[in-house]
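Please assemble the complex out of the two chains, which come individually in their own frames, going by the hints.
Top to bottom, those sequences are chains A and B. Numbering-wise, the first sequence is residues 23 to 768 according to the working numbering. Numbering-wise, the second sequence is residues 4 to 380 according to the working numbering.
Don't read these hints as lab results, they were simulated from the structure. Treat the hints with care, since some could be wrong.
[Claimed, not checked] Taking CB as the label site, the calculated pair distances span:
| hint | chain 1 | residue 1 | chain 2 | residue 2 | range |
| --- | --- | --- | --- | --- | --- |
| 1 | B | V68 | A | A206 | 23 to 29 angstroms |
| 2 | A | A206 | B | A258 | 37 to 43 angstroms |
| 3 | A | Y171 | B | P260 | 28 to 34 angstroms |
| 4 | B | I273 | A | D352 | 34 to 40 angstroms |
| 5 | B | Q288 | A | A124 | 33 to 39 angstroms |
| 6 | A | G118 | B | L78 | 53 to 59 angstroms |
| 7 | A | P368 | B | I273 | 32 to 38 angstroms |
| 8 | A | S445 | B | W238 | 51 to 57 angstroms |
Where is the CB? At the ideal position from N, CA and C, for every residue including glycine.
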Amino acid sequence: MRLLASLLLALSLWSLPLSAQDRTPPPSAPSANDLHEFTRLLADPRIQGWIAQQADTAELENTQTALSLQEELNMAITKTRTRLGALADAWSALPGAVSVFAERWRAALSPAQQLRGLTFVMIFLFVGAGLEWLYRQYTNPIKLRIELYPINTLRGRVSAGALRALIAIGGLVIFALGSIGTFAAFGWPPTLETLVLNLLVVIFAVRALRTLLVLFLSAKVQELRLLPFDNALSQHLTRVILALATAYILSASLSNIYTQLTGGAENNPHALAVAVVLACLCLAATLLVLIRCFGHVARLRCMALNRTQRLWRVYLCVLAVAAFVALLLDRGAVMWTLLLLGLLIPGLGLLRAWVDGAFERAKAERLADLPSPPALDDEALSALTDDADDLVDPTPLHDPYESYRPLAQRIVRFCAIIGIGISMALIWELHIFERAASPTFSGRVLAILIDSAVALLIADLVWVWARSAIDRRLDAYVPPEDGAAPGPEARMATLLPLLRVTLMVTLLAMVTMSILSSLGVNIAPILAGAGVMGIAIGFGAQSLVKDVVSGIFFLVDDAFRVGEYVEIDQLRGTVERISIRSLQLRHHRGAVHTLPYGELKHLTNHSRDWVIMKLEFRVPFDTDLKLVKKLIKQVGTRLKENEFYGDAILSTLKSQGVRRMEEFNMVIGVKFMTKPGEQWLVRRDAYVFVRDAFEANGIRMAERNVKVEVAGADEMTPEERAAVAGAAQQAIERPARPAAPIPDEP
Amino acid sequence: MSTPKTGRAASSWMRSVRAVTGLYLLFYVTLHLLNLCIGLVSLEAMDAARPYLSGIWTGPGLGAVLILCLLVHYLLGLWSLYQRPSLSGNAQDVVQALSGLVILPLLATHAIGVSGLKNANVDVTYEMLNRLFWLSNPGIGFTQVLLISVVWIHGCAGLFIWLRARAGAAQVLPWLYPLAVAVPVFALLGYTQAGRLVLAEGLGPVIEQMPNADGTDPAPIPFDGINQATNWIIWISIALGALVLGARGLRKWLANPAPVTITTQGVGQIVGVTGQTLLDAFRDQNQPHANLCSARGRCGTCAVRILSSTVDLPAPTPLEQATLERVDHGPGVRLACQLPLDSRGNLEIARVLPPDYTFRRPGDPDTPTPPLAKAAP
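Here chain B stands alone, though its shape is the one from the complex (with noise of 0.2 angstroms):
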């Protein structure tokens, strides 16, 4: 029961939070990241590093704010995955969304093992670690360099898409490339030559308990239970991921698609199917069209002109609406992005903006207004 306005607010809520956890999960991680940089000099190295890249944000306090973000951001992210509504045409999407969902199951093994046994009084070293990843347990090592691979190919994708649609990250972003590729490259090599090092000694990780503050001994280390919770998180959010997919590959066959003929002024004709926004259309049939903010609506790029239509075009939602007044296009000026097909019949539009569009250029007359970093409520 959301009227537009609140519905329109708690999206854009919902957004917010969700590029607020994600930032912070990527800040996370990139710190972790140096700290397996730190690899490349030395084994002790690391683990004097360790407490200040890594160990105080999963301490107490801030573990627990860690784990927060992680799964708001993850619950958001099915969410939106759910209501995105086509997947297809762009890989960068497709890439976010698939590496979102497999992101828990991989993480459940580093993240449970590593926390249950320091519950249980163990002093996790990257030095047991490395030897436990590389020697005792390779298939463990294996799956920590998908996590790293696909955490950093998901961290980025939303970074950088999050960016672009943003008016002063044209200046940014070249420099945060090389940034980019640096830090996981630096820390998987850092992994290697760990891994090199402990492989050439050859000897297995020693797992010992410290005793209990008050000098007895600490119950065991509960292997059982840290696996019975690996197993749990991961059959869960495999189940969640697939739940969401299947309920979107319903709604997709349930839609029932018929053809909508879309000619573009001086570029061609093409034809959609109902059940696809315009910009899908577009990127289905391959006809370039700018979007710089992956279809969220926000950067107005995508904008396009209607010329004559026999299609039923809903009015415009509070979104469009605020990011078309923001951009000022003029009257007959819709979002691509946001606007569905929903019946059989002809469309003719017209470009607005040139499809390599950015917001480099600014003396050109066609610039729209800068976008703001958030629309106004």
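Isolated chain A, as found in the complex (with noise of 0.2 angstroms):
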């Protein structure tokens, strides 16, 4: 599907620079040299002859191809002029229709003749009838598997319809293969030809459509119906399409073989007259039928009709008298657009109907499916009832198909749309698919409408597919809790609404771009105006496409995402909120940068996958550093049993032993590492307890005591001592460093 989309996507957007390609470049001046070639080559009497030629045809086929409205209108009323005055003598003509061709019917086929038709019809139905047998008993087995045991997903269940379908189809083709195929292997005289080749095909005719009912309503098996409906009903709706159908594939049929028999003249008012007879029966069934079924319908339904049922009657009834009336008239094209449009708009409905209730049904089978502990347990249920904050998933539950369900609906509504085109575009004739322009006014409207819905119907789908696989993934998203690293997806939660707003932009503007080409408008200059406003755009906002386009990189690279705590230059602070052009970074302190992306040269993130943190204890020298490396491994231990920091200690607490020696003292190192963002309190803890252990096992914390040799100071005085202390101090004051800097640290 996405491979579809793309591809698509790719097409429309390799078809809009191929019409601006069209054009070709301004050429140059030529050259003296040229003129006085193309002055002799004018000269040739050969070539004038063949220019003059050229001309003529080329009026000549102007004036047969196009044709303005008026004159199509003129020839329209002149052929219903014709039409109605074919249809009088056919009226005339009605009583002595029968007479006619019973004596055609016996000059042609004698009651021998007729009577050996119809045992070759027996003897090629029996053949094909008995290779269908054949298959279906290899073939039942799996059928029946797949209607005896209901299937609960929504997959399987279009996997099992899709395979039932390929079987009841292979059964179709096999039993026309084996009866027209026999039929074709010999040689027969025309008008036996005529009528058992038509016979064969009502009756092909028939049972394909058999099929496709079958494949719809599923008049028996209820899980496998496509349309909701219920067995009755089906069963109903099965029967009067299927009659219906046959009484329409049988006049067809017999009014081909009155023509075929009157000589194929188009005109024959014998031919007509049956043929508008047997219409006429037809819209009488087809009357009755709509009359009588929307009744029964809302019977079976045990409820009155209502008012929408009842104008969707009338409805039904206008469009058949409508399309008789077109039929009357010799418009085939009219009747089969008429037909077409008017059965769409109920067919869309239905359609809908059908995708609707396939995903009720595949929810309310998920529900079911799913366990549910609360009602399991009553003491919970009551516990839930009572306390609403306790509540476990306050969120409605998540269906995996709802976002689904949209986009399915545009398929098939696109299919059904784009089918029907087609099939337009094939009644009237108008090679859409040859780039050769129809040669009437309403077939050059027609051919506009088509083309701009195509591209509409296309740009909607595409939409569809993008907003709901956008959305999805938006929807699977959690924001992280509060003091949480937010997981890898957090970035998608910015790329993706961007995303979305290019692509419906983009998508606008192609199907904007391709409805005015195909109106006639040269878009050429359009694009080329957006693409000198696009440079000049370009050149006045260079900073900011700058900071865009570095900011998508350095999401793609996922280089920081909200929440985590980054250094960048002199600037430190967990990243806040991530807009397309910038990003705030909260200080600790509580103040806010702002940093355009196209700022950044490099980024230190601090809040990635570990910490490691080395503190550091001085202690004198006559420490016992066993005792020390046993108490700091205690600690460690203490650390890591911590029940709300010991799950994000990697490798908790170790000493590193004496890191070096100083002036008065060792400095003892130790270690360890965290998740991100947990090192602060660790690291508060690892001082508690490492000095309330050194305390406890008498290891001293050295400190700094200056020792002073003064020669001869037993004799000093005190009023000695208390200067040389006084001079001491001093000393030892002199050499302390500046003032560290307060570590910047959250």
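See the structure below:
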């Protein structure tokens, strides 16, 4: 599906520049040499003759092809008048029609020949039916399995329906091959051939219709029915539709046989009379069935006919009458158009109901399948109902199919409308695939309409597909809870809405262009203008574009996510908001920095995967290092067991031994590894625990103590001592380093 | 005046006779159709093969056997058609019964005509018959095509129902199906080809009598007698068929049906009427249910477990009892095809076998003991 959509997109993208390329670039002025050559060629009588001939034929074709609206109307009126005359002739010829045909019939086929024809038909039908029976013997087990076992998933039901259809259609094809194929293998006299072939085709057509009805209405198996009807209703509908269609097919075939019998002439009043009588019968049957059927259906559903249904009934009756009138006036194309468009409207409704029904059923089955633990546990249920805050899952049940529903509906609608469009084009002989203009005005209008409709439909399909895919991804995105690190899908939440808007704008532009183009507007200047505008805007908004583009790449690189603690140049903070142009950092002291992406050269992310923190303790030289190692290990175990952050510690506190010796003490290094963001808490507790453990085991933290040895200190007076101590104090304090900056951390 | 014992013996005997005669008739029809297939080669080849493929079976001795088989099979068929509780719901049964009824009227013209001609010392060749069927009497030719189709459908339906109730049949049937189609199709095509040949020649049939063995001229062909005999047989067989169907209709009309609610565990609820069997009710309401032998009470695949019932259920007939003992599904199990719904009420049952059950799964724990070829007497 995605492949198809991208293909369509690519095709439409490709077709746009194509029409622009059709225009040849403006040629440079011809050289003098060229002009001489040209005059020489023009003087050549052969060339002159050829050009004159071309001009004549072109004129001729022009008068033949391009018909104005008025001429068309004139022609239509003339044709209608002729037809009315023919109808009047047919009316007067009607009483004699039967005897004329009996006579022709006898002349063409003797009774013996008729019987022989019947014999042949029997034989061919038997051959076809026998082959089909054989086919059914082998496919029946599969069909039975499909029909007898309930299928619970939507996908299973769709594939079962498709397989069943395939089996049924396979049987039909084998029947056709067997009967019509054997018929074709022998040579026949022409009248007999018409008769036998007509009969075989009638039988085949009715069976094909029946297969279709079985597929859609599936009168016997409720589970496989595609439309949301019950058994009685679908059986009734199957009977009615089959009977009506059989009547139509038989009438068409009979009319055809009569035309052939009267020598294939179109205007034979007898054949026309029979055709009209048959059409009248069909119309009468249709009207009768329509009027009765609505009432019957309402009775089956145990309700009275409402206003809408009455309107539908009237609508269908009017449609039938209109089609009949078109047929009467020999406007085959108009009749088919009326029928196709007229049936398209209720057909679309039915298709919509079908898709809805399928989704509803899938949803209901999913609901039924899901285990419901609260219902099993009464206590839990009462607790849940008592305490509304404690509801485990307050969101409505997430249905995995729901987001596909609009897409499915569009696809079904798309297929239906495209099918109708193509058949209309075939009926009106528009040659839409051949880039040749239709000769008539109405044909051109229709071609434009079909072109625009196709562009709109494709764009709509692509848009709904993309939107539902994007929405599905966005729905699946759960914003991180406070304090938790956001997952990689967080950047999707940033990129996807942007993508959606871009796609919408692109599609709108493309559809507008293609409609304009099919209307005959030259879109090359628009495209060129857009190009110039694009360049101008591009220069003006250079830095804006730079911001946006580099932002997209930062997001694609997954350099940062909302909620992460990052450092950019001198700025640190938690990423609070990612927009399309800039990112906002919240410093841990509350300040918010806004940085356009274009400014970012490099970025340090402190919230990825793990963090190692190293701590140092200064202890006197006489400390027992083994004891220290043991104590640190105990503290590490204790930290790991903490219920709040224990899980976040990836590798707990451990001693790294003496890191270095200093003037008055030695430095013990310890380190630990945690998940990002947890290290501060762990460090706080690590300091407390280590200090407590050292104190309990008699290990003192080293303090700066200065021993001043003064020669002859023993004989000093207390005043002298005080003076020396003061001098020493000064000496200690002097080399003190300037105040270290307070570490920047939250 | 039949005790269950003798009644069952009688019905079992009748079934066997019907099957044996039917098989013999089908054998003959197959040979006859094979002879027609040779028409694809030439008319002469058809006539050359005629003595072996159909001649000897309709000769003096075996011909009588054939007619006897036909009569016995026909009368027993009529009787079983009357006996069968219901025809509705199963297309195969309906096809088999109705095709059985129309065979005799269709056959009469051909059989009586050919044997009458033979009695009058006419050498009945395929060439002559083809000219007759295609040129001078296309109506009779058309009847022949109908006859071939109907006879073959009837024979195959009987054969396959008979085979399907047997354990080993699952392996054989897929190989029989193509044969069952090939024989009539080629026969009809052979007939068509022969017809095209004689139509191209355009010469009508020449019916000439051979002189008697003692050299005297034979008596003229009794066309009137043949026609009369044919008409008699047609009307009698139509009357017999109508009689049986009428008797069935009368019986059904007198039955005065009342509703019976049937609940199948895990499947759903349907409403049948009295006078049907349980299986008929299932078929009527489109509820699938296994029945390999088409309600003959032989295969035991339609077994149901009775969970509760407010309907008077008659005791099992000896036939049902024997089948139940053989398949052995435990107590409380009845055969749906043999269980008449006699009075209004509710019935709750459970399926024993899945509806698409065949004898094909040997590993299935539910597989009943393979049914014997014939219920032990």
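Status of the hints after comparison with the structure:
{"no.": "1", "hint": "B:V68 / A:A206: 23 to 29 angstroms", "verdict": "43 angstroms, violated"}
{"no.": "2", "hint": "A:A206 / B:A258: 37 to 43 angstroms", "verdict": "52 angstroms, violated"}
{"no.": "3", "hint": "A:Y171 / B:P260: 28 to 34 angstroms", "verdict": "32 angstroms, holds"}
{"no.": "4", "hint": "B:I273 / A:D352: 34 to 40 angstroms", "verdict": "53 angstroms, violated"}
{"no.": "5", "hint": "B:Q288 / A:A124: 33 to 39 angstroms", "verdict": "49 angstroms, violated"}
{"no.": "6", "hint": "A:G118 / B:L78: 53 to 59 angstroms", "verdict": "55 angstroms, holds"}
{"no.": "7", "hint": "A:P368 / B:I273: 32 to 38 angstroms", "verdict": "33 angstroms, holds"}
{"no.": "8", "hint": "A:S445 / B:W238: 51 to 57 angstroms", "verdict": "55 angstroms, holds"}
Going through the hint list in order, the structure does not satisfy hints 1, 2, 4 and 5.
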